[in-house]
Structures are given as C-alpha cells and as structure tokens.
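Chemist: Spelled out, the chains give:
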Amino acid sequence: MSGKKITRGVASVFLAVLSLVYVYPLFIILINSFKLKTFINLEPFKFPNENTWVGVENYQSGIDNYGLLSGVGWTLMITIGSVIVILLFCSMFAWFITRVNSVFSKILYILCVFSMVVPFQMVMFTLSKTADTLKLNTPWGIIIIYLGFGTGLAVFLFSGFVKGIPLEIEEAATIDGCSPPVIFFRIVLPIMQPTYISIGILQTMWIWNDFLLPYLVLDQRRYRTISMIIQSMRGSYGRVDMGAIMACLVMAVIPMIVFYLCAQKHIIEGVAAGAVKG
Amino acid sequence: MNKALKRYFPLFILPTLAAFIIGFIAPFIMGLWLSFCEFTTVQNATFVGFKNYARAFSDPTFLYSLGFTALFAVTSLVIINIAAFALATVLTRKLKGTNIFRTIFFMPNLIGGIVLGYIWQLILNGILINFNVALNLSAKYGFWGLIVLTCWQQIGYMMVIYIAGLQTIPGELNEAADIDGATGRQRLFSITIPMMKPSITICTFLTIINGFKLFDQNLALTAGEPARATEMLALNIFNTFYGRVGFEGVGQAKAVMFFILVVSIGLIQLRVTRGKEAR
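Line by line, the protein sequences are chains A and B. Quick note, the first sequence lines up with residues 462 to 739 if you use the numbering used here. Quick note, the second sequence lines up with residues 233 to 511 if you use the numbering used here.
Honestly, the hints are just simulated from the structure, not real lab data. Don't take each hint at face value.
[Claimed, not checked] In silico DSS-like links for lysine-lysine, alpha-carbon gap of 25 Å or less:
hint, chain 1, residue 1, chain 2, residue 2
1, B, Lys-238, A, Lys-567
2, B, Lys-429, A, Lys-466
3, B, Lys-238, A, Lys-726
4, B, Lys-238, A, Lys-624
5, A, Lys-567, A, Lys-507
6, B, Lys-445, A, Lys-590
7, A, Lys-465, B, Lys-326
8, A, Lys-567, B, Lys-235
9, A, Lys-726, B, Lys-328
10, B, Lys-235, B, Lys-326
11, A, Lys-624, B, Lys-235
12, B, Lys-372, B, Lys-445
13, A, Lys-465, B, Lys-235
14, B, Lys-326, A, Lys-590
15, B, Lys-283, A, Lys-466
Because the structure is a prediction, the values reported are computed rather than measured.
If we strip away everything but chain A, and leave its shape as in the complex, we get:
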C-alpha cells in the first residue's frame, strides 16, 4: 500500500511541476509588460528591477501609438455580436431543417457538414473580395460573414440536439394553438439552453482569437482587432516596440482567461462535445 502512496506522491509532484511549466509563458509576458522595452529581448526571464521597471508605460504606449483600447473594444463588439447572431439564427435554422422533412432540408444539412471540413484558405481570397463588394468590411458587416462561416459547426451541433427533443411536446403545443415562432421561443429555446452555452463558448474562443478573417475582411485603416494590431506591430524587423507588444499580448489574453475562469466547467464539457464532430 505504501508503495502505491509513493507513486501517487511522485505523480502529484510531477503534475505540480508541469502545471508551473504550463503557466510560466503567461507569467513571462506579464512581467515583461512592465519592463523597459529595450530590456525585454535582452533578459526576458528576469524580473523587472529598479532600473527596468516602467509601470504601465508600455500599456500607455500601446493605447497611444497602436490603438490598443479600440482594438480590444472592436474585438469585444465583433465577438459578442457574432456569437449572439450565430446562436439565434443557427438554432432557428437547425430546428427548421430538422423538423421539416424535405430534400431541401437535407441538402442544407449536408452543405453545413461539408463547410466544416473546408479549410479557410480555400475561400479566403473570394470571401474578402465578396465582403468588399458588398461593403461588409466593417465590424457590423463582418458579423454577417461570421454568421455565414460559423453556420456549419453551429447548425451541425444544434441539429444533433434538436433530434433528441421529443416531438410530442411540440405537437401538444400545436394542438393548443401555438404558432411555430411561439413554440420555438417559448419551448424549444429554453430546452436547448445547455447547447447554447457550449456552442456559444466554441464560437467565442474562435472569434476572439481569429486573425486571418478580420485581417482580410475589415477595412484596416479604420478597424483593427487585437490580433491584427499585434501582427501589424512586428512591422520592420529592427524597430519593434517590444514593450507595447507585451502589453497588447497581455490584453489579448486576459479577457479569455477571465472568461475561462468564469465558465471553466462548461468550456471543458463544450469542447468535449464539439470534438465529437471530428
């Protein structure tokens, strides 16, 4: 028995050390975001000392010179707006094509599944041209693009759930004289609450962190997401403002970490559910 205890002890210590290794990279960017920018590349692993500590100067520089705050704002707005739109319209779409048995419904479902496997590079060029032509190159327009590109996964997962809802509930409501919109919003939507949460989480993780789609679609002179700002700061190789980059990295990570800590249980479950689509 004591042999087992020792192995357990060893395993616990090993996991604890590994956890520290896992958190370490985030810790590094945090301490470097308070360091004098010329010292970041020279001694990335050292704590800021009295000579290199600059307080929030890097964040100030990020805000003044690179539009850090508006970047966070636009990213937040695009993420929240797109997730709400995707959840609402895709759940309605999925309910309709699952309940209406027609060839058209089947074709739509197959197209949705198909779109999940298509890599973004396939549509990248034509999508950005379409978005330009239709004047969807604003943070409001890009929500429509996200709805279109997010349809596949969302409809696939919603349909899977709708199939599990017993038809009798809806039939009873029809006999009581409820119209389809009333049935959807008063009965189906509340039942699907857990599915809304997991799909909402998957889409939030995707859209907040997305780089290429907003980079190609948005009018860069006016709107930039946080990922676009970070990528643009690389600029000319010699004169990169490492301090401001660190501040932007921290600002890109913190909202997601807060989100993770708040919804941690749902996130891990949601991912396990989303993975089954594999």
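Since chain A is already given, all that's left is putting chain B on it; use the hints.
Modeler: What follows is chain B alone, placed relative to chain A:
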C-alpha cells in the same frame, strides 16, 4: 406542424441561408472556378484550364512546404497524443487537485495563434540566445519551436477527450484484470488501448488536420524564416496570393489542392470510424 412551420421559412431559414451563401457557398464556388482562371481581381478573370495547377507544381516552395507540413503534422501527432494519453491516465487516478491540473493544462487553448506565436518567440529566443542562435537562423529551430508551441497548445485539448474516453471504460474490466493478476502493462495494452480506440481515432485525426491547417502560429512564430524554410502549406498559399501580383490563380489552385488534401484525410477518418462501428 410540418406545414405550419413551412410557412415560416423566411423567418427561420433566410437570414442564415443568406449569410451562408455570402460567407461560404458563393466564395467556395467562385474559388473553384477561379482556380482555372488567370486574374488579379475577380472581375478580370480569363479561363486558362489547368495552367495554374501546373504552375503550382513547378513551384519548389510549394512542394517544400508540403513536405515540411507533412513532417510537422506527423511529428506533432505522435508527441501530442502520447503526452495527452499519458496525462489523461494519470489524471483519472483520483489524485488530489485533479481538477486544477486539468484546468491548467487546458488553458492554452483559450489563447489565439498569433498571441501564442509571439509568446513563444520571446521565450524560445530568450533560451536560444544563450547558445548564440535564434529561431530565424535555421529551419531546425523553427521546426522544433513550432512543435513546442503546438504541444503546449494542444496536449490539454486532447487530454480532455482522452479523459472523457477513459471514464467510459467500465470499472469491472479493470477489477477482473486485477483478480487475474494482470500487470499494469498488460492492462494498458489489453484493456485500456482497445477500449480507447474511438478517442484515439478522434484525437489522431484532429491533431493531423490541425497540423496541416496551422497558420497563425506559423505566421507569428517564424513567418516562414529563414528564407521560407519554415513556411507551412497554409502560409505558402497565403504568400502566393498576397506576396506576388499575377500569382492569384496559382494561389487559388494551391488552395483547391489543400482543400482536397484536408477532405481526403477527413474521409479516411470517416472510413476508419465507420469500419470500427461495423465490427
């Protein structure tokens, strides 16, 4: 119900369908068509047949990036899956703090590829500088840098899937094995791995497809340097489109081949999964 619902077609279907056409169907069909055309914008396209495909294959950087990506995908597949499986078996042994460990290992998935790339660029260059080298000096460093980054990101994710799989193995199986006096190794190879085949299939294909699709991390960590030696497929396609004027058609042809490659891997996976269910 069915008939009543059909009348509400405009409300339930049209918004999503319109966006789906704008955001996916139209660009996809145009993309297929344009891969057979020469163009700089969509309007001035002229049909050229398979010329773009021929030009794509005569581009040495494309074939190089294909090889580099395949090597990367296989290497990351092996390392990620072994590590994730090992972590999952340890974490299902009812140790103290299992939930905290699981939370921490999964966390990197919440962070975007661009951010990950710059975090690891700082750390890896900070280590390599002690040996007087840097990430952008040799393809070898770039390759292993990308592997380290991808492992840090994906091990936690695959671990979650493996944990879910391990929890479905009935406890009686292991108890019976204990009574029969099976060793840990026998139990792993005769019970755990056979019972875990569905999870292993999912994770293997997820990691290989993620490997082929990798873009943001590649762009941020190495941007293909030195001299396009760490340029992966997705980045190669991107650079063909936006790097050189007049190569848009070639870029689109490469994108179509990339699409076919990813779909083929997906179809193989489907066959493997279906085959197992039938047995």
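Chemist: If a hint holds in the structure, say so; if it doesn't, say that too.
Modeler: Do the hints match the structure? See the list:
1. At roughly 15 Å between alpha-carbon atoms, B:Lys-238 and A:Lys-567 fall within 25 Å of each other, so this suggested pair holds.
2. The straight-line distance between the Cα atoms of B:Lys-429 and A:Lys-466 is roughly 30 Å, outside the 25 Å bound, and the hint therefore fails.
3. Restraint check for B:Lys-238 and A:Lys-726: not satisfied, since their Cα atoms lie roughly 38 Å apart, outside the 25 Å limit.
4. Pair hint B:Lys-238 plus A:Lys-624 holds up; C-alpha atoms about 18 Å apart against a cutoff of 25 Å.
5. For the hint linking A:Lys-567 to A:Lys-507, the alpha-carbon distance of about 59 Å lies beyond 25 Å, and the restraint is violated.
6. Between B:Lys-445 and A:Lys-590, the direct Cα distance comes to roughly 22 Å. Compliance with the 25 Å bound is thereby established for this hinted pair.
7. With a CA separation close to 12 Å, the supplied pair A:Lys-465 and B:Lys-326 stays within the 25 Å bound.
8. Restraint check: the Cα-Cα separation between A:Lys-567 and B:Lys-235 comes to about 17 Å, which is no more than 25 Å; the hinted pair holds.
9. This hinted pair checks out: A:Lys-726 and B:Lys-328 have alpha carbons roughly 18 Å apart, not beyond 25 Å.
10. Under the criterion of a C-alpha separation no larger than 25 Å, the hint pairing B:Lys-235 with B:Lys-326 is inconsistent with the structure, at around 53 Å.
11. Taken as a hint, the A:Lys-624 and B:Lys-235 pair is honoured in the structure, with Cα atoms around 19 Å apart against an allowance of 25 Å.
12. The straight-line distance between the Cα atoms of B:Lys-372 and B:Lys-445 is roughly 20 Å, inside the 25 Å bound, and the hint therefore holds.
13. This hinted pair does not check out: A:Lys-465 and B:Lys-235 have alpha carbons roughly 65 Å apart, beyond 25 Å.
14. This hinted pair does not check out: B:Lys-326 and A:Lys-590 have alpha carbons roughly 54 Å apart, beyond 25 Å.
15. Simply put, B:Lys-283 and A:Lys-466 have alpha-carbon atoms about 67 Å apart, too far for the 25 Å limit, and the pair is violated.
In the structure shown, a violation is registered for the earlier hints numbered 2, 3, 5, 10, 13, 14, 15, in ascending order.
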